[in-house]
Each structure stands twice: as C-alpha cells, then as structure tokens.
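Residue numbers (the numbering used here), protein chains in the order written: chain B, 1 to 185; chain Z, 1 to 505; chain C, 1 to 39.
Quick caveat, the hints were computed from the structure, so don't treat them as lab data.
One thing to keep in mind: the hints can contain errors.
[Stated by the list, open to error] Ranges between beta-carbon positions, derived for each pair: (1) Z:434 / B:88: 52 to 58 angstroms; (2) B:34 / Z:426: 30 to 36 angstroms; (3) B:32 / Z:36: 37 to 43 angstroms; (4) B:47 / Z:399: 55 to 61 angstroms.
[Said to hold, decoys possible] The calculated lysine-lysine pairs, modelled on DSBU-like cross-linking and capped at a C-alpha distance of 35 angstroms, are: (5) Z:212 / B:98; (6) B:41 / Z:340; (7) Z:402 / C:35; (8) Z:66 / Z:212; (9) Z:384 / Z:275; (10) B:41 / Z:304; (11) Z:275 / Z:377; (12) Z:304 / B:29; (13) Z:275 / B:127; (14) Z:189 / C:35; (15) Z:385 / B:29; (16) B:62 / C:5; (17) Z:275 / B:46; (18) B:92 / B:62; (19) B:62 / Z:66; (20) Z:304 / B:46; (21) C:5 / Z:279; (22) Z:377 / C:35; (23) Z:305 / B:29; (24) Z:305 / B:143.
C-beta atoms are modelled at their ideal positions from N, C-alpha and C, and glycine is treated no differently.
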Amino acid sequence: MKRIYSILLLLILFISAFFFLNIKPAFGKIVSLQELIENSKTYDGKTVTCRGEVIGDIMVRKDGVWINIEDNGVAMGVFVPNEIYDSGINIKYTGGYKAQGDIVQVEGVFNRTCGEHNGEMDIHALKISVVQEGHPYDLKISKNRVIMAVLMIFVLSILMYIYHRPSLKSKNNNKDNHNNHLTLN
Amino acid sequence: MVRPFSLDDLKIVIFYTGKVIITVGLIMLIPLFVGLAFAEWPAAVDFLLSVALTLSVGYIFLIVGKTDKIPKLFHSMLIASISWLVAMVLSGVPYYLSGHMASFLDACFDTMSGYTTTGLCMIRDLDHISIALNTWRHLITYTGGQGIIVLALTFLIIPTSGAYKMMVGEGKDEHLQPNVRNTAIQIWKISLIYLIIGTLVLSIAGYLSGIKPVMAFMNGLWIFMSAWSTGGFAPYSQNILYYHSLAFYVITLIISILGSFNFALHNAIWSGNRKEAWKNIEVRSFVTTLSITSIIAIAGLAYKKVYTNILSFFTIVFYQVVSAHTTTGLSNIYSVTFVKEWGDVGMTAIILAMAIGGSAASTAGGFKGIRMGIVFKGLIHEVKKVLYPEQAVVSTKIHHIKDMVLDDSMVKNAALIMVFYVFTYMLGAVVDTAYGHPFIQSLFESVSLASNSGLSCGITNYTNPALMKIVGIFQMWAGRLEFMAVFVLFGSIIMLIFGKRNIAK
Amino acid sequence: MKNNKLDTFLGIITEILLASAITALGLVISAIIFKVISW
Numbered sequence: 001m002k003r004i005y006s007i008l009l010l011l012i013l014f015i016s017a018f019f020f021l022n023i024k025p026a027f028g029k030i031v032s033l034q035e036l037i038e039n040s041k042t043y044d045g046k047t048v049t050c051r052g053e054v055i056g057d058i059m060v061r062k063d064g065v066w067i068n069i070e071d072n073g074v075a076m077g078v079f080v081p082n083e084i085y086d087s088g089i090n091i092k093y094t095g096g097y098k099a100q101g102d103i104v105q106v107e108g109v110f111n112r113t114c115g116e117h118n119g120e121m122d123i124h125a126l127k128i129s130v131v132q133e134g135h136p137y138d139l140k141i142s143k144n145r146v147i148m149a150v151l152m153i154f155v156l157s158i159l160m161y162i163y164h165r166p167s168l169k170s171k172n173n174n175k176d177n178h179n180n181h182l183t184l185n
Numbered sequence: 001m002v003r004p005f006s007l008d009d010l011k012i013v014i015f016y017t018g019k020v021i022i023t024v025g026l027i028m029l030i031p032l033f034v035g036l037a038f039a040e041w042p043a044a045v046d047f048l049l050s051v052a053l054t055l056s057v058g059y060i061f062l063i064v065g066k067t068d069k070i071p072k073l074f075h076s077m078l079i080a081s082i083s084w085l086v087a088m089v090l091s092g093v094p095y096y097l098s099g100h101m102a103s104f105l106d107a108c109f110d111t112m113s114g115y116t117t118t119g120l121c122m123i124r125d126l127d128h129i130s131i132a133l134n135t136w137r138h139l140i141t142y143t144g145g146q147g148i149i150v151l152a153l154t155f156l157i158i159p160t161s162g163a164y165k166m167m168v169g170e171g172k173d174e175h176l177q178p179n180v181r182n183t184a185i186q187i188w189k190i191s192l193i194y195l196i197i198g199t200l201v202l203s204i205a206g207y208l209s210g211i212k213p214v215m216a217f218m219n220g221l222w223i224f225m226s227a228w229s230t231g232g233f234a235p236y237s238q239n240i241l242y243y244h245s246l247a248f249y250v251i252t253l254i255i256s257i258l259g260s261f262n263f264a265l266h267n268a269i270w271s272g273n274r275k276e277a278w279k280n281i282e283v284r285s286f287v288t289t290l291s292i293t294s295i296i297a298i299a300g301l302a303y304k305k306v307y308t309n310i311l312s313f314f315t316i317v318f319y320q321v322v323s324a325h326t327t328t329g330l331s332n333i334y335s336v337t338f339v340k341e342w343g344d345v346g347m348t349a350i351i352l353a354m355a356i357g358g359s360a361a362s363t364a365g366g367f368k369g370i371r372m373g374i375v376f377k378g379l380i381h382e383v384k385k386v387l388y389p390e391q392a393v394v395s396t397k398i399h400h401i402k403d404m405v406l407d408d409s410m411v412k413n414a415a416l417i418m419v420f421y422v423f424t425y426m427l428g429a430v431v432d433t434a435y436g437h438p439f440i441q442s443l444f445e446s447v448s449l450a451s452n453s454g455l456s457c458g459i460t461n462y463t464n465p466a467l468m469k470i471v472g473i474f475q476m477w478a479g480r481l482e483f484m485a486v487f488v489l490f491g492s493i494i495m496l497i498f499g500k501r502n503i504a505k
Numbered sequence: 001m002k003n004n005k006l007d008t009f010l011g012i013i014t015e016i017l018l019a020s021a022i023t024a025l026g027l028v029i030s031a032i033i034f035k036v037i038s039w
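In isolation and in its complexed conformation, chain B is listed as follows (with noise of 0.2 angstroms):
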C-alpha cells in the first residue's frame, strides 16, 4: 500500500514540476539560441524548435515575415513564408520599451548562412505559435526623480543668473565692457 502511495506521490510532484516550472515534455527539445549560434556548423540545416520573444518590428515582405525573437540576450530572425504566417499566428505585442513582446515557439530549419537570405545566420519557421502573450509595461514615473529634476532646474536657474547677471547688468549701465564676449549668442 505504502508503495503505491509513494509511486503516486512522485507522479503527482513530477506533473506540477510541469506546471509550476513551465517545463514542457520534450517532444521537440528547445534548442536556445546561444546554442544555435555556437555550434552552428552542428545545427546547420537541421530542424530545430527555438522559443524567443517577438521584438521590434514584424517585417512583412513579398514572400514572407521577418521575426526577431530574443531569446536569454540573444537575438535571431525567424523568417516565416506566408502560408505558414497567414496560417492563424496573431502577434498580439512585439517587445521593446512599453511594452513585453508575445512569446513565441518555432520549430524550423536553422541556416548558418542562409543563401534566400544575403548568406545570414536565420531560421526558416515550418511551425511557429504563441506560447505566452506579452504585455504592456507599467511605467511608473518615479516621484524621486520628477522632484530631482525640479530642483536641479532650480539651480541651474541660479547658476544661469550669477554667470549672466554682469552682462546684463552692463547692459544697462553702459560702462563694464571686459565681459562681453562671454555671453552666450
């Protein structure tokens, strides 16, 4: 009975580790993109399935999409034919200032210098899903810096005074002349 019990209790904590730690069963292994870069004479030509978050601009060309996925700091460009974009992937938020970009998953032929594509290091998506969508940003003024900033122009006004405060002063006197020269125009 015990034994039973113990076997079950492993089957359950090693089910939420899939939950709880987002691993996902390796029916394609996700190969992360530092690796593909590394050894790309490896992986040159092969299939691989990559997850990155979409960043910066969807390029749409003629015959397909440009995707730039960065995945742990590396960035790479998923090139997606248009039968396969046009297939139902909705990009819903593409990552950079404000906001986090849709998390994608890729399974594709990764090329160490592709020759449809200028002779660059890319990935040609066969499949391609979101796996996590992204999010705008909560960007919060900082009330620290808005007061810093404040004060920082307040003295700044100082400064500007006590520098051009002779000038102008002999403006309107008419006799100091050896400080002319060092208004700003």
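Based on the hints, put chains Z and C in the right spot on chain B.
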C-alpha cells in the same frame, strides 16, 4: 625649460571646458523632445534631469573659470582631452538612469564608445530601451564624429581666436576654409546635407523592408548617424542584421565609406575639384589596403568553405572588411562567429583593416590612410636615395588636395603616431590576455577599441572586470584624440604635481 | 564662388559614385575569387 602652470591657465581650461559641456547639455534636449513625442514619460523625466544637471555643471565651470584670455595650443589640448572626459561622464547619466547599465562605469564605457565613434557597448537588454535613449546613443556618435568642440565652435559658443588650436587638440587639423569658424561650419554643412539625403534613403529602404513609417524614419535616422559617423551603434542587439535587408547593407556600405573620408576631401570635391576623388593619396591608400584585406578575408574564408555563395562573400565577408577598414563596426554576423567560423585568417584580415583605419580629419580611426601613404612613400624615398647616385637630389611627392613634397619630419611624425597606435593596440591585447582570453581574440578586441572600430569577437561584455573596462575607455579616448591631447594632459598633471613652486598668479 | 550650388551638387554625385564604385569593387573581388577557388 617647462612653462609654469598658472592659475590663469587653469581658468582658461575650465572656462572653455564649460562651454563644451553647455553644448552637450543643449544637444541632450533632442532626446528629451523625442521622449515627449513618443510619450515615454519616465525616459523624458530622466533626460530632463540629465539636461538640467549637465547645464548646471557647465555653468559652474563657466563661473569658476571666468576669463577673457584666449586659449593657446597648450590649453586647447587640455580642453580637448578634459572636455571629452567630462562629456563622457555627464552623457552617461541618462544611460544610467534608464536602468540598462550594470554600473555607472558601464555607462561611461558606452558614452566614450559613442563620442569616439567606436561602437562597442555594455548596455543590457538593448531591444527594450526607449526611443529617446536610442536617439541619444546615435546622436552621441553623430556629434562625436564631427567633434564636440567643432560643434561648440560652429554655434559661436567658443570665439574663433584660439579655436583652431582646440580643433587640433580634437584631431581636426585640416584647413578647409581660410577662417576656422567657417571650417567648422563647412564640416557641419557636409554632415547635415548627407544627414538629410542618407536619412531619406534609409527611411525609404526601411519602409520598403516592412517597417511602419514613423519607425522607418527613426531607424533611418539612427542608422545614418551610425554609419556616417563610422560609429557602429544600431538600435537593436542584432545590429544591422536586424533588418535582413540587402538594401540596408549596400546603403550603409556607401555611407560608411563616405563617412570615412577626410572632410578636406569632401570640401575639395564639393568646391569643384572633383578630380581629387581619385588623385587623393588617402583614397588611393584606402582602395589599395581595402582590396588587399578583402582578398585575404574572402580567399581565406572561401578556401575554408565558411561561405560558399558568391553573394555571401560580398554581403557578409566584404561587408565586415569595409566595416572594419572604415572603422564603422556595423555588423551582420554574431561576435562569436568571428571566433568559431572565421578563424585566424579571417580575424587577421579584420585586425589589419581596423588597424589601418580610415582617413585623417574624418570620423574614422586607426593609423589613418594618410600616414600609411606617407610612410609607404617614405620607404620608397629611402630606397630611391640608396639606388640613385649620391649627389642626386631625390624628392618624392604626395598628393593630398595639393601636391606636397615629402620631407623627413612628415615621415617621422606619421611613423611616430603609428607607433603609439601599435603600442595602444598591444596594451589592450596584453591586458585581455592576462585575464585569460586567447591572444588573437584579445588583439582583435584591443585593435577594435583603439582604432575606434567597434567590431567585437565576444570579449566586450558587461561582466568584464572593471580594469578591462577602464583600459578599454582609455584606448578609445587616446585613439580618437590621436594621443597628443592625452599626452599633454598627463604631462600637465605631472607638471602640476612636481612643479608646484612654479605656480604664478 | 561661381556655380556654388552646382559644384556642391556635382560634388555629392561624384562622391556617391566613388563610394559606390568602391562597394562594387567588393562584388568584383568576390566574383573573381569565387571563380578562382572553384576552378
């Protein structure tokens, strides 16, 4: 007998440095407005704070150094070297406030990289920075390329007498126009006209590549500034690879080459002297050394079958060689690819190209084409002297805007500066090797820094030890100012410490 | 200065042609080496 360093001298240096700082503060208004225009409020606040801080520091310098004396060559060298350091620090404030820098030292590395138009960077998560900050980064390379002193001159913030010497301190010693202020204006006229043309062409290319109009314009502007100033920054971590566009590669090649030309050459060609385009020694030197390094790289990589497509030799290999030789640093391959795929032959070709660099009085770095030309001709001259009968008078000519007779002091000066470059190249190589990196990679990174190129084989990283970063900053700074201004600064400090009894009022 | 604007315009064209020629040189070198290596 070394001149005594007086309080007046100090005031002149401080005062004019202040003028340069004010200029920097005013330029910083541009990213502030961009931040407001794109509703990037936190970034806008950061820039507002930075502008106020920079201008305040500038005014403090003006107040402390208030003087009506005119700077001499000695002061000008100090003003050049010191103002670049102060600009580096103050320009780093918005970077640091953005939260994308691991330390303030990293921010200084990036701003020095920008002003010297190097292009290596420590910034983290570049793909998520604000449009305002991206504008600031590229603007720094654009103004740094022209020279911040040149900018201050143009807008009359610095009066003209003594100005020439400041331009010399900054490395711009060509006489474009009879009047120094007009020279500065001419430099800016050339840069602004190309800014308009280049931004337009790149914006169109961006739009046709699938980027929406507003961002196509911003990208066009940024990439133009980066290519023209031979800086090498790009708005995204993939650098020029982000665009996946042959048009971008070809256009940036052309702009980089144009940007690497001597401003005196632009001026001559624009004034009706179009023959200068092929008669000029720097153009000839550049085409020669570019061909040689390209052949080495392309042949080497073709032989090793790294690339097998004829177009790839052009779009990837030739692109990298031109990027190196013009000391631009834009790249469409990953840093680690130099090590993993290009190997020693490819890397050596790139190192050579970077080391030689672009033309004098341009935004490019390296030995400079004119020195290559002078030293090469100098060598020919020496050989001639030996071959010709002893009584014969041997003279060798070079053509740079006008015909000049080669004399010994010219050759000596050129060779001397080349020696300083080689020393700086080796300095960084030794430091990096000491930290455990393989020699050729260390040499690659070191030459990239000191020639202000910006191509990386992967060593430059925000996780590097502080000493490596500091040495890197020094290399970029010394290389850009072509050493003289830096030596004068160190010499002055030594004089100040050991010559205290000479201080006169 | 006579024909200032025309000179400037022609100058810009000359420079762009020069830079383009240098760029095209890269293509030429690539083609030659490609032919030589594959020969």
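Hints, one by one, checked against the model:
The hint said 52 to 58 angstroms for the Cβ distance between residue 434 of chain Z and residue 88 of chain B, and at roughly 55 angstroms that hint holds. Residue 34 of chain B and residue 426 of chain Z have their C-beta atoms about 31 angstroms apart, which keeps the hinted 30 to 36 angstroms range intact. As the Cβ distance of residue 32 of chain B to residue 36 of chain Z is approximately 38 angstroms, the hint placing it in 37 to 43 angstroms holds. For residue 47 of chain B paired with residue 399 of chain Z, a C-beta distance near 58 angstroms keeps the hint of 55 to 61 angstroms intact.
Between residue 212 of chain Z and residue 98 of chain B the CA atoms are separated by roughly 17 angstroms; this keeps the pair inside 35 angstroms, and the hint holds. The hinted pair formed by residue 41 of chain B and residue 340 of chain Z meets the criterion: a straight-line CA distance of about 9 angstroms does not exceed 35 angstroms. At most 35 angstroms may separate the alpha-carbon atoms for a hinted pair to count; residue 402 of chain Z and residue 35 of chain C exceed this at roughly 40 angstroms. A distance of roughly 50 angstroms separates the Cα atoms of residue 66 of chain Z and residue 212 of chain Z; the hinted pair therefore is violated under the 35 angstroms criterion.
Among the hinted pairs, residue 384 of chain Z with residue 275 of chain Z is consistent with the structure: their alpha-carbon atoms are about 28 angstroms apart, no more than 35 angstroms. With a C-alpha separation of about 13 angstroms, the suggested pair residue 41 of chain B and residue 304 of chain Z falls inside the 35 angstroms cut-off, and the hint holds. For a cut-off of 35 angstroms, the pair hint linking residue 275 of chain Z to residue 377 of chain Z stands: about 21 angstroms separates their Cα positions. The straight-line distance between the Cα atoms of residue 304 of chain Z and residue 29 of chain B is roughly 31 angstroms, inside the 35 angstroms bound, and the hint therefore holds.
Restraint check for residue 275 of chain Z and residue 127 of chain B: the C-alpha separation of about 56 angstroms exceeds 35 angstroms, so the hint is violated. Under the criterion of a C-alpha separation no larger than 35 angstroms, the hint pairing residue 189 of chain Z with residue 35 of chain C is inconsistent with the structure, at around 44 angstroms. A C-alpha spacing of about 71 angstroms is found between residue 385 of chain Z and residue 29 of chain B, which places the hinted pair above 35 angstroms, so the restraint is violated. Under the criterion of a C-alpha separation no larger than 35 angstroms, the hint pairing residue 62 of chain B with residue 5 of chain C is inconsistent with the structure, at around 40 angstroms.
At roughly 53 angstroms between alpha-carbon atoms, residue 275 of chain Z and residue 46 of chain B are farther apart than 35 angstroms, so this suggested pair is violated. With a C-alpha separation of about 21 angstroms, the suggested pair residue 92 of chain B and residue 62 of chain B falls inside the 35 angstroms cut-off, and the hint holds. Annotation: proposed proximity of residue 62 of chain B to residue 66 of chain Z is violated, straight-line Cα distance about 62 angstroms (limit 35 angstroms). Between residue 304 of chain Z and residue 46 of chain B, the direct Cα distance comes to roughly 21 angstroms. Compliance with the 35 angstroms bound is thereby established for this hinted pair.
At roughly 23 angstroms between alpha-carbon atoms, residue 5 of chain C and residue 279 of chain Z fall within 35 angstroms of each other, so this suggested pair holds. With a C-alpha separation of about 34 angstroms, the suggested pair residue 377 of chain Z and residue 35 of chain C falls inside the 35 angstroms cut-off, and the hint holds. Taking the CA atoms of residue 305 of chain Z and residue 29 of chain B, the gap is near 29 angstroms; set against the 35 angstroms cutoff, the hint holds. Pair hint residue 305 of chain Z plus residue 143 of chain B does not hold up; C-alpha atoms about 58 angstroms apart against a cutoff of 35 angstroms.
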